[in-house]
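J.: Sequence:
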Amino acid sequence: MKILLTHNVYRETGGEEKGIERMAFDLKARGHQVEFFREFSQDWGKKGIASKLRTGLQIVYSWDNLKKITTICREYQPDFIHVHNLFPFLTPSVCSVGKQMGIPIVQTLHNFRLFCLNGLLYREGNVCELCLKGSLLNGTVHRCYQQGFITSGAMSLTLCLHRMLNTWNSKIDRFIALSEFSRNKFVENGIANEKIEVIPNGIDLSGDCATDEIPSSPSLVYIGRLSEEKGIRTLLKAFAIFSTKRPDVPLHVVGTGRLEREVRNFKEENSNLKIFLHGYLQAYDRDQLLKKSTFLMFPSECYENCPYVILESLSLGIPVIGSDRGGIPELINDGTTGYLFESGSPSQLNAVLVKAMENLSQWPSMTRNAREEAKARFDKKVWIERIENLYKSILKSRNSELIANLD
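Going by my numbering, the residue at position 78 of the sequence shown is 1396; the numbering climbs one at a time, nothing skipped.
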């Protein structure tokens, strides 16, 4: 098959870009032809008002990209257009081309951008579902997109328009949700349940795993963006409490982000705590650190879908201590492949950390369980086969409809 992957690359790259590159690589490895159509986000939120307005109009509907992707589709003639992130510059113009040219469209739902301006359903330190349950203009009032009134207004107008036109149901053949939690949120927002298939992310399981011996010197590691919605503040508060009982257990922090200075200040102000800041690490160095750790910490406070770092940790045999928010409980079997705690609660997280350290005799079985869970559910071979089968089912359905219409 010939597949056109379309994606608006974010200013800050993360797991989504990683997943798209993996999809392209694995589809090619299975004999498919893959081409990209990409746009790159610009820092237009800091431009002058006139420039913001011009770009804002482009967000609503991009005629330039409509022409570009039409040309690409005529030349490449893909069997599928697989959409990832449409915003801000690809816009649903991509969907219009597919509909007009009879090319099936699949969209992977990496976040909640179809009905939330910032895509996270999270605002000012809390989960926010105002736009899910009410008007998308709430996002403009609260300046949820790039913290700007004009940028938020443009995004609100775009999403309002396509909600009204029923674009997502009428122009996209099937959606891939990364978790049951995500599927339920999109159904709640009006996406037809039968259009959504849950296919969690897949990972390469060929790497070496951690030892399954009881750790003599346990340690914790956090890998991710240093930002409020990722729960780094909760983690630091919990670790400070935990360290009064177990001052010997270190916390390694890998990543950068908006709260990097705050995290550094916390470390300096609490110099008695064994906190090690590593900043950004290349994949190999990050994995080496993860394999030496006893638990991966994943304290996110926003609605996560299927974070790669959790899958990577499980594949290496490292149990995960994660919050009970979004799709995270679908990835961690509490007490078997890790532990869950109440999101945003330092005291609960501390209690789980104490429990985990008191039960390190169970760690060898947990690490084996983690590896088996990864093999059973997240093997990239199974993942790409499920995507292929989805493509085939759409083509079969379209062919059946064509035959029915001819009759």
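By construction, these hints were calculated from the structure, which means they are not laboratory data. It should be emphasised that the depicted structure is a prediction, and the values quoted were computed from it without experimental measurement. Fair warning: there could be bad hints in the mix.
[What the hints assert, rightly or not] Taking lysine-lysine and the DSS-like style, the derived pairs with C-alpha atoms no more than 30 Å apart in a straight line are: (1) K1336 - K1346; (2) K1698 - K1710; (3) K1513 - K1698.
J.: Broken hints, numbered, in rising order?
T.: No numbers; nothing is violated.
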